[in-house]
Amino acid sequence: MSQATVSELTVGMEIPEFQRATGLHNWNRYAAVNYEFVDIHMDDEAGKAAGYPTAFGMGNLQWSYLHALLRQWMGDEGRIIRLGCQFRAANTKGMIVTAHGKITAIREEGGETIVDLDIWTDNDSGKTMAPGTATVALPRA
Amino acid sequence: MAKTNISEAMQAVVGGELSRGTSFPITDSDIRRWAVAIYYPEDPPRLFWDADYAAQTSYRGLVAPEEFNPFAWMTADGPRRASGGHNPDLTEITLGIQGPGLKFQLNGGSEVEYGVRMRPGDVITSVRSLAGYSEREGRLGLMLFTESQDQWTNQNNEVVKTTKSTLIRY
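So the protein sequences, as listed, match chains A and B.
If you're matching positions, the first sequence starts at 62 in the working numbering and goes up one per residue.
If you're matching positions, the second sequence starts at 2 in the working numbering and goes up one per residue.
To be clear, the hints were calculated from the coordinates, so they are not data collected in a lab.
Straight-line Cα separation of at most 25 Å, DSS-like style, residue types lysine-lysine; simulated pairs:
| id | chain 1 | residue 1 | chain 2 | residue 2 |
| --- | --- | --- | --- | --- |
| 1 | B | K4 | B | K104 |
| 2 | A | K154 | A | K188 |
| 3 | B | K104 | B | K165 |
| 4 | B | K165 | A | K163 |
| 5 | A | K188 | A | K163 |
| 6 | B | K104 | A | K109 |
Chain A stretches covered by chain B per the calculated footprint, using a threshold of three residues with CB under 8 Å from any CB of chain B:
| id | region |
| --- | --- |
| 7 | 89 to 100 |
| 8 | 117 to 131 |
| 9 | 135 to 147 |
Small disclaimer: the values here were computed from a predicted structure and weren't measured.
Don't be surprised by glycine CBs; every beta carbon is placed ideally from N, CA and C.
All chains should be built: construct the whole structure from the sequences, respecting the hints.
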């Protein structure tokens, strides 16, 4: 992100989305790096037994998508200061999951531009899945 | 006396250590695999896999994605012991007291503050402790909120991150 772009940021502005079509290809890869081999994330029958139509993805992967959203926007020199979210809905098979961010505050602190954002993931029906907030420091030119 | 699920014994163990662990040294491949998995099916940023590129950034070398977990598969403490599974009283059992005996539990979310980045060669130590209890009436009755804090430090005793997590029981 260039300094010119930083100066153009305004409260209420939405940052570019991070989107993934989700299913076993994503979840199996995530299970393999996070050692998260749980039946509800691998087996439709286990997902159904838990009350969902299919197996469903890890909350931790939504957490990663929210981080990837901020990294994609800021570039390598941006810094995530804090991030929090809740997990409110299951990511079942085939869902398109989109991570969003909306700027809620901008301030200068210690020579850095600090930005607060509302962040969230939703599915292709528009249902919010993991709402949260984040604070980032944007790179200097 | 008001109805509560927070006993005197529970109040007395606030601040108690729930778990502690140390990672094996993080490798380039651990970081690369994590990044490939997270960004699939697109390519991950070069900062996570291209050492020559990363050397030109302000990090002067590869770093891990902030949410990278160096404790997956096995920690330096050896193979995992059987955990308490999904017993809702696991927090209190770990601290040697009786739990409130509530039936249901939900992940109430997490909030993390980041410090220094994790890099290849780092050895991370996690110390998780009980930060506190609170409760309030909810749609499903009296809800017990248990907050735990997990602080990660590296081999130089620099804070990598501090995570506060909320467990909801009812």
